[in-house]
Amino acid sequence: MIARTFRAPSVAARAMLHLPLLGIGLLCAAAPLTKAHAEDGGPRSGGELTFGVTTEPVCFNPQRSEQQNSFILIRNFVDSLIAKNADGRFLPWLATEWTVSPDGKTYDFKLRKDVTFHDGERLDAEAVKFNLDFVKDPANTNSAGQLLQFYEKSEVVSPTEIRITLTKPDSALLESLASIRLGILSPKALKSGDRLCSGGPALAGSGPFLFQSYTRGQSISLVRNERYGWAPGYAAHQGPAYLDKATIRFLPEYSVRAGALSSGQVDVIEGVQPTDIALFKDQPGFQLLVGPSGAQTSFTLNINYTIPPATDVRVRQALRDGADIDGLVNAVYLGAVRRAWSNIAPDNPFYNRALEGSWGNDVAKANALLDEAGWTGRDSEGFRTKDGQRLSIEVGYPQPFVRDNRDVLIQGVQAQLRKNLGFDLKLRLITGGEWAQQKANGSWTIYPNTYLPADAAQELQGNIGEKGFIQAVADKGDKELFSLINQALSATDVEAKKQFVDAAQKRAVDLAFIVPLFSANYQLAAKDNVRGLSFEAQLDSPASLHDVWLAEQ
Amino acid sequence: MTDTLRPLAGFGGSEGPAVRLRAFSNLLPRARLTILAATAFIVALVIMAAAPHLFTHYDPLAGDMLAALKAPSADHLFGTDRLGRDVFARTLHGARYSLSIGLGSAAISVVFGVLLGLLAGLRSRLLDEAICRLFDVISSFPGVLLALLVVTFLGAGMENIAIAVGIAGVPKFGRVVRAQTRLVRDADYVTHAAIYGQSRFGIFARHLLPNVLTAVPVVATVYVGTTILAVSGLSFLGLGPQPPTPEWGVMLAESRDVLRVAWWPGVFPGAAITLTVISFTALGNALQRRFERRVP
Amino acid sequence: MIFGPLGRRILSRLGTSLVVAWGSVTAAFLALHALPGRIEDILAGDLDYPGLREAIAAEWGLGRSLPEQYLDFVARIASGDFGVSYVLRQPVAQIVGSQILPTVQLATTAGALALALAVLAATLTAGRGGAARSVASTIELTCASAPVFWIGILLLMAFSFSLRWFPVSGAGGWKALVLPSAALALPTAGLLAQVLREAMEKTLEQPFIVTVRARGLGEGLIRLRHVLRHAALPAVTLGGWLIGGLLGGAVITEKVFGRPGLGTVTLNAVLTHDVPVVLAVVLLAAFIHVAASTLLDIVYVVIDPRLKAQ
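Protein chains in written order, with my numbering: chain Z, 619 to 1171; chain W, 84 to 379; chain U, 44 to 353.
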């Protein structure tokens, strides 16, 4: 069998040559971010670190968790088969090299020989096969099963070689294998039943830290994995982590996290309120690090265009252009995030840069569109009407997903649309159950979201494709958009895939199926002596603490 | 039976109308002045709630994002919030929402509490037992859990929050009315009325009802304040009235993230809540004293 | 008889407690199943692949009829099995069990603190008039009408972030308990102090106090030994309130301070339709409610022997 070998530079890397990343992305994720201090004399081992985070994970099992914020914790004890670099290339991790057959349906991986799980089990081809089969089996109800939809089977070629066969080409497979959601766990742990959600030593991965204990509602503690010698290709160093121990504390309140850091009770925090940035940025004793926006989708209003009045493209375009999104994003986030032009994030190689400046903030045109569409009446509160009906669409925002001032931003859009157009954009916080019901019967109207990190084509499919939020009423959906996304998913050639993904983004924005608002990123604030903090390109979120060390104070 | 002595599970942990009520009866030696002040404040609130636009030309919902978090000034008496909305306008307009939730939920508690309490107090033992157990079931739910269930069931809107808090309050009124009913029912003058041949309905209408219902406005007045506090707790948990409603509890909850840089978006609605709670409580207390004087 | 009137009252209380617990759990069960959204849809979230929903339904037995699920549930509870959380995927008994201690710790500390503050404020200022009494009253009233989360954040800013006396929470021994307890205690202390003072002032007007004074007892001793005891009844009623509303206040305190406890578990369970966890918490709350009111009855009798006769 003739096969292309994907050692660096991979196909993805060649694609990158055509798509220079935004400076900020490279700056943020390629190299360790902490200030260079030559006088420190380089990394040193030892010490303990306390990390204050926003979210207590519902579940610590990477194959089951659906919370982006849970991965910040999980990455410390779970490794993946391959690693994704900030420039989009895939690098070795538990697998040292891999080849893909010309038809894109067979992948061969060579595994490291020296890897052991935290429970002492060895990592071999059998263990990897067990993991993939386990995730694929719907009976195990793992959320990561979604990433293996075209997975047919794995074969153990030798203890260190595994062959994965697909039912059809999947341009997203390497991205999926680099994802923490397909992180490799000890088969013994997986077989022990589904109590892995509660973490602790039972959740045996192969990562740089052991999951020592979990105090629900308060913290988890991690201790160094002394045997660790298989860091991902992008890591700054090989060998065990520098820190002896790490404690991750759950501090859901913004002001409490910031106060805990400024008073020295924690060393690092994640999730910095925009108004608190000034407390840490360029302040003596502190540092502020901003992560990339490439892996998740941008925060976007997804419009259900099968329900009136959103069936009228003019109404959707007016909604899209009636507010000054730049101004609003700046006012809410004080420059900490970028305004979005597409739902694919700007640091993603598949971002359609041509959309920048192509839409938005045109109140006169938005008003003209609404006049033309017949929304010419006005009611007592000043809202536009047509045949006695108020021009009104509801944003149903599931309460469990509200964070990051996103509801404040929507309120800003709401206020401007009301003032500029007489457009009644209602915001209603709904329950997870109500959203599930609305999605199941296709009755949702506007759904604001960011999507879990995944391959760009897969993100489009999960959001605006025929398998997306509109799935229940997909027969009334936009067939051309669906077709572009399906073609992108099965493209074996990166350039072709890029074209389809670009076209799909353009169509979605032009016809205002979506109104992208801002590109979320992670912010870390830390004490000055914490070095080696970085972000993981595949996730956008803070990387594991493997490279982190503490300088003398 | 010792129902009246049972702990009445408080909403949010601590406020009990009956207790609060007594708390204030000694608080104010210059009681008349206080009652005057409380009444004046409540009247002002009602005027604010009825016609907030008389006092401000700012829109409580739409703000100028470029003028966000401005400190109080002649332009913006109470400053502006994160979205550049005028805090003074929002506090004024908020009176309508906070009062209507407070009064609405108190009304729900009163109507159902009085009905069930009368039934329990007047009718058969079996019915009494059943209603008392129902009160037990309701009050055994921690307030927040009950509100959560109602709000997740009906959705988080103004009316639904009033319903949630209202249901939690039913046993409070129910128990008070039940105890009063029993007292009156067994009182000598009612027995006499029966001896003199008055019809059941006549006795009920002429003697029982007025006596029983005297106690209710007292508890209800105090309960309005409790409700406003409860709503702010729900807002903190993200289950309050929907944004951009300028309800005080919502405003207070929203302001906590910017507390470090701006005190004004929180302090003014906070002061409004505190003054309202105190005013209603003081008024309820005054009512009670009048009631006590009449029925020694 | 083996049991006195008090014993019989307790026995009948226990009987009704079963009825109350059954009622609460049934109400919660019905409410949870009437909530919008199928449980398998909620558990699947935004994700979907062929077979996922069916597998989830099969995993938790959601395909069965509602009466079947209900009977199964009641039977399991009766045998002491609370099942496994849909969302957290751990035995419910383990989840709830691990959270009881932190909540009880918080509540008892807060209760003791509230009592201490209230007794102090009331004893020092009752019947004395003047500035101290007005100041104390104003502080008490403000505390009693301020939301718990607000008090918590202000306490943190002052005593943890600026003065650095106490940690936010976490590993700090007794120190980590100070601020959360204070946040939970202050509103209660405010109310309790008002009630106590009123009761004490009424007692101070009683004739027997004149007698006691005539015996030449010091004012401090009079207040502590005689007046406080007579004023205890309304305070005990309020104590019942504290227990009843414990979970409610705890949710907010736990969230502000990042503390473990039943409140957060309950909140999340309701929001995610985690039926087994909600039902376990409801059951626990019902029993706490009944136990607290029984205990209260006993305390009343101990404090005021006249009640024994009734």
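Hints in this document: simulated from the structure, not taken from any laboratory. Computed from a predicted model, the values in this text were never measured in an experiment. Quick reminder that beta carbons are idealized off the backbone N, C-alpha and C, glycines included. Hints are supplied without guarantee of correctness; some may be wrong.
[Said to hold, decoys possible] Calculated lysine to aspartate or glutamate pairs in the DMTMM-like style (CA-CA distance at most 20 Å, straight line):
1) Z/1044 to W/212
2) Z/809 to U/111
3) Z/1145 to Z/666
4) Z/983 to Z/1022
5) Z/728 to Z/755
6) Z/1044 to W/142
7) Z/754 to Z/737
8) Z/1044 to W/211
9) Z/863 to Z/1146
10) Z/754 to U/248
11) Z/1085 to U/340
[Stated by the list, open to error] A partial selection of chain Z residues facing chain W, derived with a Cβ cut-off under 8 Å:
12) 870
13) 891
14) 949
15) 1045
16) 1097
17) 1100
Here's how the hints hold up against the structure:
A distance of roughly 46 Å separates the Cα atoms of residue 1044 of chain Z and residue 212 of chain W; the hinted pair therefore is violated under the 20 Å criterion. For the given pair, residue 809 of chain Z sits about 30 Å from residue 111 of chain U by alpha-carbon distance, which is inconsistent with the 20 Å threshold. Distance check on the hinted pair: residue 1145 of chain Z and residue 666 of chain Z sit about 13 Å apart at the alpha-carbon level, within 20 Å; holds. Among the hinted pairs, residue 983 of chain Z with residue 1022 of chain Z is inconsistent with the structure: their alpha-carbon atoms are about 31 Å apart, more than 20 Å.
With a C-alpha separation of about 24 Å, the suggested pairing of residue 728 of chain Z with residue 755 of chain Z is violated against the 20 Å cut-off. With a C-alpha separation of about 17 Å, the suggested pairing of residue 1044 of chain Z with residue 142 of chain W holds against the 20 Å cut-off. Distance check on the hinted pair: residue 754 of chain Z and residue 737 of chain Z sit about 24 Å apart at the alpha-carbon level, beyond 20 Å; violated. With a CA separation close to 46 Å, the supplied pair residue 1044 of chain Z and residue 211 of chain W exceeds the 20 Å bound.
For a cut-off of 20 Å, the pair hint linking residue 863 of chain Z to residue 1146 of chain Z stands: about 19 Å separates their Cα positions. Distance hint between residue 754 of chain Z and residue 248 of chain U is unfulfilled; the C-alpha atoms sit about 79 Å from each other, more than 20 Å. With a C-alpha separation of about 61 Å, the suggested pairing of residue 1085 of chain Z with residue 340 of chain U is violated against the 20 Å cut-off. The beta carbon of residue 870 of chain Z comes no nearer than 11 Å to any beta carbon in chain W, farther than 8 Å, and the hint placing it at the interface is violated.
The beta carbon of residue 891 of chain Z is positioned within 8 Å of a beta carbon in chain W (closest approach about 6 Å), and the interface hint is therefore held. Hint status for residue 949 of chain Z: holds, given a least beta-carbon distance of 4 Å to chain W, under 8 Å. Contact between residue 1045 of chain Z and chain W, as hinted, is supported at the beta carbon level, the nearest pair being about 6 Å apart and thus within 8 Å. Proximity of residue 1097 of chain Z to chain W is violated relative to the hint, the smallest CB-CB distance being about 34 Å (cut-off 8 Å).
The criterion of a C-beta within 8 Å of any C-beta in chain W is not met by residue 1100 of chain Z, whose closest approach is roughly 32 Å, and the hint is violated.
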